[in-house]
Amino acid sequence: MLTRLHSETNLLVQNITFEPGINIIYGKYSGSKEARGINGIGKSSLVRLINFMLLSDSAEREFNKPKYNFLRDENHSLTLEFKIDNNPYFVRRHFNDVEVIYFGSDILQLAEYSKSELLLVFSSLLFPVENNEVYIEGNRFRTLMQFFIKDDIQNKGRKDATNFFSFTPSAADKAAYNFYLLGLPTKNILSFNEISKEYKKYSEALNTYEEKLRNEGGHTVEEYRSEKLRIKANIDTLRSRLKGYDFKESHKEVEKQLSDVISKINDKSQEFHSLSQKLKNIKESYQLSYDIDTKHIRKIYNEVLETFGDAVKKTLDEVNQFKADILGNRNKFLVNKEKELQASIDAVFKQLSILEAERTKLLKTLHERGVLDKLESTYEELMKEQASFEKQNQILIQVDEFNRILSDQEIVLSQVKKDISDDVSKAENSLNELRQLFIEILNSAIFMGDEDASGYFDVAIDHKSKKTSLPFKIDVNIPKSSSVGQEVLKIIAYDLMIFINSITNKRALPDFLIHDGVFHGMSHKTMVNILNYIYRTHLTLYEKKNFQYIVTFSEDEIEVPIDKKDLYGEFAFPFSDKKIIELEDIESKMLFKRDIR
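The sequence shown begins at 1 in full-length UniProt numbering and counts up by one.
Quick caveat, the hints were computed from the structure, so don't treat them as lab data.
There's no promise every hint is true.
Listed next, the in silico EDC-like pairs over lysine to aspartate or glutamate satisfying Cα-Cα at most 20 Å (straight line) [said to hold, decoys possible]:
| no. | residue 1 | residue 2 |
| --- | --- | --- |
| 1 | 426 | 400 |
| 2 | 467 | 408 |
| 3 | 467 | 194 |
| 4 | 187 | 400 |
| 5 | 159 | 194 |
| 6 | 174 | 408 |
| 7 | 65 | 112 |
| 8 | 480 | 440 |
| 9 | 212 | 400 |
| 10 | 525 | 557 |
Work out the full structure: start from the sequences and follow the hints.
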């Protein structure tokens, strides 16, 4: 539970102490001449400060706006205290350095964390994995906190009770988060989510390749399978023509000369490469080192006996000189050999040039006589057909592979959907408890006759769902849900159902729920009934597990006039005692002691 929110820099009009049960953040009309309206006095800002302390990106962006520059210019800081299983924790943040956060269980010895580090810590503290059937993967902390802390900006326009997200989730993501909060199995939904994402990816890739085949070949996949046989037969025919091509008698002499020249070119090319390699080896032989480090050897021997070391140096110097003489003679030999090889290489290169010129001349002769025209035309047609065949065939191979993968994934999806349906069936007792709790909340808020079946919560199996759709639907409905007030009631009833179910079952989830501006448009009578229900529920459950319901109200939203008590009903609790802060529409009594509108 939240304990305190306070500022070491005197930021707030007062430090906030949170209590068990109902906590009202109250906005009051002062009646002063200085008053400028009750909106913007700090009710929602207080909720965002709590969210900011619990690492909300949206709250951080809000407080980074120019109208909040004073938070940084005046070096303000804030500390939030809370308890988990009666263990105290403290988190402190400075507005001029939001990346560094201080956290710990001893306010005098807080450790420094980065935001990413503390997100993992908070995730483990507030949303620990309770079992291997009901869990959420990944960095779940901030997404789940969007359910437990709903500020006015985020909550506006929320039509779907199950969609409490600040982003647009996939159907599977939304179902997984709601099932987790409801205490229903999520394991198979998470598997379905991953497999369906893969299925969608391969399905899109398949469509891309099929479109590519149509654009390049003008055929559908089915048409190309037949076209492929025709192209293959044409390629075989062209290859047969080339293989069986025969020169006319009048051209055979030229063809024989061309063959002899090509053979000679091949022989001379081999000779050229052999001589070039020998020349390369000789040049590398020049680089042989013959130095002997006589000083180093002498130093080693000096460690034994200096006199002996001098003798060794003298002997080594003689050997070194002898080796130098031999290598000098060797290099003279290599120079002469290099000249001989270079002359041979030049001669072979000259012969190659003559042979290449002769080959070019013979080819030209054949071209002039039109001998190669048909041969070249056939060859070009073959190359064109082969290129087209290979390119389109590769696309077809990939299409077939994608179809195989999709077929396998459809089998897996079908099995996972069956497993999800089985999970829902096995959770029937839990679902009945949730259904009953939802009806109980509605009956407390509005009178529902025994025959009124239009108010309900349900998770219903959908046997006709598409292959990539979940096999169930979450339904939340209340009587006359088309009206604004009833739409609000549907959202509040769903939130309370999840929250009270979590408290009743002593789940390891946050034991506070914050609603900012959620009662806009609701009748006074319904609002009074809901708060009374929460109050009575707290009295029933607090010994089992305590909880907090923190809510913002403006004076005109919650005050029940004396002459309307018979119509609206009365609060079953001391209303004034539930106010944790009372803000007014004059600067000195606004949250930040200034008007920031």
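Tell me, which hint numbers fail for this structure?
Per hint list: 1, 4, 5, 6 and 7 violated.
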